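Q: Sequence lines, in order, name chains B and Y.
Under our numbering, the residues of the first sequence are numbered 2 to 496, in order.
Under our numbering, the residues of the second sequence are numbered 2 to 496, in order.
No lab work stands behind these hints: they were computed from the structure.
Possibly wrong hints are sitting among the right ones.
No copy labels: a pair is met if it fits in one copy or bridges any two.
Listed next, the in silico EDC-like pairs over lysine to aspartate or glutamate satisfying Cα-Cα at most 16 Å (straight line) [unchecked claim]:
| hint | residue 1 | residue 2 |
| --- | --- | --- |
| 1 | Lys375 | Glu385 |
| 2 | Lys295 | Glu324 |
| 3 | Lys447 | Glu27 |
| 4 | Lys460 | Glu324 |
| 5 | Lys57 | Asp10 |
| 6 | Lys98 | Asp261 |
| 7 | Lys347 | Glu385 |
| 8 | Lys226 | Glu401 |
| 9 | Lys479 | Asp30 |
| 10 | Lys73 | Asp10 |
| 11 | Lys227 | Asp217 |
| 12 | Lys57 | Asp25 |
| 13 | Lys447 | Asp30 |
What you are looking at is a predicted structure, and each value in this text was computed from that prediction instead of being measured.
There are 2 protein chains.
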Amino acid sequence: MLLRVKRLDIHTGGPFISILHARDAEQLDVHYGDRILISHNNHKEIAVVDITHHKKTVQPGSIGLMEELQAKLNARHGAKVRISIIPHAESTIIIGKKMAGRRLSSQEFLTVVQEIVRNRLTEAELAAFVTACFIHELSDDEVVSLCKAMVLTGERITFRRRPVMDVHCIGGIPGNRTTPIIVPIIAAAGLLIPKTSSRAITSPSGTADTLETIMDVSLGINRLKKAIEKTNGAMVWGGALNLAPADDRIIRIEHPLNIDAEGQMIASVMAKKYAVGSTHLLLDIPVGGMAKVKSPSAALRLKRRFEYVGRRLGIKMRIIFTEGEEPIGNGIGPALEAQDILKIMKNDKTAPVYLKEKSLKMAGIMLEMAGKAKIGSGYKMAAEILSSGRALKKFNQMVEAQGRAPKSRLKIGKYKTTIFSKRNGKVSWINARILSQIAKAAGAPKDYGAGVYLHQHLKDMVQKGQPLFTVYAENSEKLKHSIANEQLDLIFRIT
Amino acid sequence: MLLRVKRLDIHTGGPFISILHARDAEQLDVHYGDRILISHNNHKEIAVVDITHHKKTVQPGSIGLMEELQAKLNARHGAKVRISIIPHAESTIIIGKKMAGRRLSSQEFLTVVQEIVRNRLTEAELAAFVTACFIHELSDDEVVSLCKAMVLTGERITFRRRPVMDVHCIGGIPGNRTTPIIVPIIAAAGLLIPKTSSRAITSPSGTADTLETIMDVSLGINRLKKAIEKTNGAMVWGGALNLAPADDRIIRIEHPLNIDAEGQMIASVMAKKYAVGSTHLLLDIPVGGMAKVKSPSAALRLKRRFEYVGRRLGIKMRIIFTEGEEPIGNGIGPALEAQDILKIMKNDKTAPVYLKEKSLKMAGIMLEMAGKAKIGSGYKMAAEILSSGRALKKFNQMVEAQGRAPKSRLKIGKYKTTIFSKRNGKVSWINARILSQIAKAAGAPKDYGAGVYLHQHLKDMVQKGQPLFTVYAENSEKLKHSIANEQLDLIFRIT
Numbered sequence: 002m003l004l005r006v007k008r009l010d011i012h013t014g015g016p017f018i019s020i021l022h023a024r025d026a027e028q029l030d031v032h033y034g035d036r037i038l039i040s041h042n043n044h045k046e047i048a049v050v051d052i053t054h055h056k057k058t059v060q061p062g063s064i065g066l067m068e069e070l071q072a073k074l075n076a077r078h079g080a081k082v083r084i085s086i087i088p089h090a091e092s093t094i095i096i097g098k099k100m101a102g103r104r105l106s107s108q109e110f111l112t113v114v115q116e117i118v119r120n121r122l123t124e125a126e127l128a129a130f131v132t133a134c135f136i137h138e139l140s141d142d143e144v145v146s147l148c149k150a151m152v153l154t155g156e157r158i159t160f161r162r163r164p165v166m167d168v169h170c171i172g173g174i175p176g177n178r179t180t181p182i183i184v185p186i187i188a189a190a191g192l193l194i195p196k197t198s199s200r201a202i203t204s205p206s207g208t209a210d211t212l213e214t215i216m217d218v219s220l221g222i223n224r225l226k227k228a229i230e231k232t233n234g235a236m237v238w239g240g241a242l243n244l245a246p247a248d249d250r251i252i253r254i255e256h257p258l259n260i261d262a263e264g265q266m267i268a269s270v271m272a273k274k275y276a277v278g279s280t281h282l283l284l285d286i287p288v289g290g291m292a293k294v295k296s297p298s299a300a301l302r303l304k305r306r307f308e309y310v311g312r313r314l315g316i317k318m319r320i321i322f323t324e325g326e327e328p329i330g331n332g333i334g335p336a337l338e339a340q341d342i343l344k345i346m347k348n349d350k351t352a353p354v355y356l357k358e359k360s361l362k363m364a365g366i367m368l369e370m371a372g373k374a375k376i377g378s379g380y381k382m383a384a385e386i387l388s389s390g391r392a393l394k395k396f397n398q399m400v401e402a403q404g405r406a407p408k409s410r411l412k413i414g415k416y417k418t419t420i421f422s423k424r425n426g427k428v429s430w431i432n433a434r435i436l437s438q439i440a441k442a443a444g445a446p447k448d449y450g451a452g453v454y455l456h457q458h459l460k461d462m463v464q465k466g467q468p469l470f471t472v473y474a475e476n477s478e479k480l481k482h483s484i485a486n487e488q489l490d491l492i493f494r495i496t
Numbered sequence: 002m003l004l005r006v007k008r009l010d011i012h013t014g015g016p017f018i019s020i021l022h023a024r025d026a027e028q029l030d031v032h033y034g035d036r037i038l039i040s041h042n043n044h045k046e047i048a049v050v051d052i053t054h055h056k057k058t059v060q061p062g063s064i065g066l067m068e069e070l071q072a073k074l075n076a077r078h079g080a081k082v083r084i085s086i087i088p089h090a091e092s093t094i095i096i097g098k099k100m101a102g103r104r105l106s107s108q109e110f111l112t113v114v115q116e117i118v119r120n121r122l123t124e125a126e127l128a129a130f131v132t133a134c135f136i137h138e139l140s141d142d143e144v145v146s147l148c149k150a151m152v153l154t155g156e157r158i159t160f161r162r163r164p165v166m167d168v169h170c171i172g173g174i175p176g177n178r179t180t181p182i183i184v185p186i187i188a189a190a191g192l193l194i195p196k197t198s199s200r201a202i203t204s205p206s207g208t209a210d211t212l213e214t215i216m217d218v219s220l221g222i223n224r225l226k227k228a229i230e231k232t233n234g235a236m237v238w239g240g241a242l243n244l245a246p247a248d249d250r251i252i253r254i255e256h257p258l259n260i261d262a263e264g265q266m267i268a269s270v271m272a273k274k275y276a277v278g279s280t281h282l283l284l285d286i287p288v289g290g291m292a293k294v295k296s297p298s299a300a301l302r303l304k305r306r307f308e309y310v311g312r313r314l315g316i317k318m319r320i321i322f323t324e325g326e327e328p329i330g331n332g333i334g335p336a337l338e339a340q341d342i343l344k345i346m347k348n349d350k351t352a353p354v355y356l357k358e359k360s361l362k363m364a365g366i367m368l369e370m371a372g373k374a375k376i377g378s379g380y381k382m383a384a385e386i387l388s389s390g391r392a393l394k395k396f397n398q399m400v401e402a403q404g405r406a407p408k409s410r411l412k413i414g415k416y417k418t419t420i421f422s423k424r425n426g427k428v429s430w431i432n433a434r435i436l437s438q439i440a441k442a443a444g445a446p447k448d449y450g451a452g453v454y455l456h457q458h459l460k461d462m463v464q465k466g467q468p469l470f471t472v473y474a475e476n477s478e479k480l481k482h483s484i485a486n487e488q489l490d491l492i493f494r495i496t
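Just chain B, same shape as in the assembly (with noise of 0.2 Å):
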């Protein structure tokens, strides 16, 4: 059936949406939500059906067509193009293999991440898989798979120089800003460290959000490629680079639903590193009441995976357990996170210990595991990096490279409140999940000067009416509502 174009600039983000008038719909014998190929010149794209019954939306004869498929098609409004039906997409029975709890191979495993990059999975199928995956989880072999299809469909980025170091934290700590603290060390110490960062998703501030405050960190691949000629070392925002964009389509069905699978995670994480070429790796993983992962058997199956991936992919890899009781520095949020990097690269006295110990202990694993320090002296060498001011002095070439941002970002927000103890004692409790959410409810990301800062830590010692955290914002409103429905004793527990 040949159907002539109507432009209609609805801008969907996901699928592929048409719409046909009701009466071409019983002709083709297409219901809402099935899937129509649509051919223009050498353009073939598959699309959802949505109908219409009112001609003014569309006429019978035509077909309506939203942005991202116009484009696709590079279909004019007027043109016409040829509608057929199709079967299903050849993903459908896979998913339904993993439905059925059987083991996918890798060829499954691309062909149904090819036609979820391809736009070409309705919502409910996207779902469906997701949700089979999750609850038959994947084999080690099945991540290695998911993981290398995810790549092969996104962009690679290749250096001629090894090693390429890597650092990664899996989350869920607020304040656990180390990768600004350790690129700049490793690249100091002359080795290449191309390091990707998210954005928050559920979090305060992610890296990237961090970092902006300072530089630009949406580099693509070959501003990214410049910067490391320059400097060694880059810290950019991963979405800029399209490396593993069906990793986005996934977590965005996974988010919603408030799936998180394991499987799923290596592979995104261990995709990512892949991608840019990294050959040495070290991982974090908090653990602790407030980390993602609670316990030490479950951080010890989780390396183990980790470690197969890895070995599969040639990446050579460290884990390290580390504390996850309560944040790391002092702020949470992107300025006020970024207030206590820059202290620490300057070597001022008030910058916070616990960060500062972390990302050294980090950096000097890294530079034993590349061989450019002996085994036990890379802490020495990294803390050395650091007091000389040659991080700080890489730290600032790399913000040259990459664009520095207006220093407004780094402004904390005008408006706020602290909270004092109410009694003598020692710290020896302190919710990170509720301190994340007042830093959200404050502003934070998207408020970069909003969030919240800790003048305590677990095991210190505090006064009745000293202060034990501020909340900031950058507007009163946001400020009010951050604190009104808390309930600020459950936050610091002092005994």
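With chain B's structure known, arrange chain Y on it following the hints.
A: Leaving out everything else, chain Y in the frame of chain B:
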């Protein structure tokens, strides 16, 4: 945030969709696929967000509402509506429980089903629910909960008289059209039988499609009740009655995903019986290579599950296993099946024997269930009602009460091809699945006159050159297409 309504005359047939301009979306901090609450006067509806960057589609300050949503909100073009962000649907947490393999309570099923009926779940959420219920098979109690929830969220019909008889076949076999013969016999015996049937989903004809060649089957509840008052019996399309509307949405998701979940099937069948107030139900489970249920053990298991649900709903059930190796009647396709039925009603000597016998047996069981016939004498009473012409008289009364269909619908397609036996021997195997495909390709059920007519059944002795089956179509292209791709030798095995 207050926004001005822009009408978009697009019918989605599914979830409520609204379109925001990117600028407003950013201010509200909502993304593609998020949900918002739209309030207008006393109406509140939840809608999914699409985003446009084009002012031509939706200007900043406006919100585009698709058809169903405008109607529900009763909001005119230009009206101001209030937008607020809402948390996830309550169902999300419940769906998460099911994904984790936990049993759901009846209250939880009710919550999910209510949100399905109110169109408050996204396609992804609905797919996750259906997938999770498929993988973690529903327990018998869960089936009862789902069933009751589906009834509570739809229309119900009540009759004062008792018993209310019902009959159902779980399907899978073409040409198994017993309902139109059984119902007039039961009604002629003075029993109430308000029978609802479905249209074809994947088959060449549903009972409703076949009956539509003779009478109007799209009756609303009032017309159904009036027809019943006059004649005791009715045979209508269930889809016009809005019984268990959640079931339709679940099936619409299951179908493209190729999910055929036993628990949901049981809930779906029983919900429709419960909603029309059936007190007695005869259930036909065909068992055999061509049926949905392949093995005696699967049949027994299914019987036990149906019986449990029937007990819990207070419906007296009899379940029979019938032969599922071949089509029961001779015709496959609306008019061809109707021809078989009319021949049986008129005691025509060329009427298909198996279909007549099966129908009489089933009607006999029902007469015994209702206490109309003594145990052991039901078949005899049914045969007497049929042979005396009382069944035909009742049938004609029902046609008058529901409304006679145009005569043209009973016309068999004028294009035909007959396939003849290439050898002498006994019919040892008939592939009903391929026959169904041929009937569909020939145009059934949309073309009433299209389909397949069987000249031979299993165990019949045939001579070389005798006709095996004839394909009928209303359109010569479809006829050619229907048998072009089929290996005709594979359909009948003569040994």
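Q: Using 16 Å as the alpha-carbon threshold, which applies to Lys73 and Asp10: within, between, both, or neither?
A: For Lys73 and Asp10, the Cα distance is within 16 Å only inside one copy (14 Å; across copies 25 Å).
Q: For Lys479 vs Asp30, is the C-alpha pair at or below 16 Å within one copy, between two copies, both, or neither?
A: between (52 Å within a copy, 14 Å between copies)
Q: With identical chains, the pair Lys347 and Glu385 could be close in the same copy or across copies; at 16 Å between alpha carbons, which is it: within, between, both, or neither?
A: within (13 Å within a copy, 102 Å between copies)
Q: If the cut is 16 Å between Cα atoms, do Lys447 and Asp30 qualify within a copy, between copies, both or neither?
A: Classified as between: cross-chain Cα gap 10 Å, same-chain 47 Å, threshold 16 Å.
Q: Checking Lys57 and Asp10: alpha-carbon separation at most 16 Å within a copy, between copies, both or neither?
A: The answer is both: 15 Å in one copy and 7 Å across copies each meet 16 Å.
Q: For the identical chains here, do Lys375 and Glu385 meet the 16 Å Cα criterion within one copy, between copies, both, or neither?
A: This pair counts as within: shortest intra-copy Cα distance 14 Å, inter-copy 100 Å.
Q: Reference check for the pair Lys460 and Glu324, CA-CA at most 16 Å: within, between, both, or neither?
A: This pair counts as within: shortest intra-copy Cα distance 13 Å, inter-copy 76 Å.
Q: State whether the alpha carbon distance between Lys226 and Glu401 is at most 16 Å within one copy, between copies, both, or neither.
A: within (14 Å within a copy, 81 Å between copies)
Q: Are the CA atoms of Lys57 and Asp25 at most 16 Å apart within a copy, between copies, both, or neither?
A: within (15 Å within a copy, 26 Å between copies)
Q: Given identical chains, is Lys227 near Asp217, meaning Cα to Cα at most 16 Å, within a copy, between copies, both, or neither?
A: within (14 Å within a copy, 74 Å between copies)
Q: Is it within, between, both, or neither for Lys447 and Glu27, if the alpha carbons may be no more than 16 Å apart?
A: Classified as between; 10 Å across copies, 47 Å inside a copy.
Q: How would you label the pair Lys98, Asp261 (within, between, both, or neither) given a Cα cut-off of 16 Å?
A: between (21 Å within a copy, 13 Å between copies)
Comparing the model with each numbered hint stated earlier shows that all of them hold.
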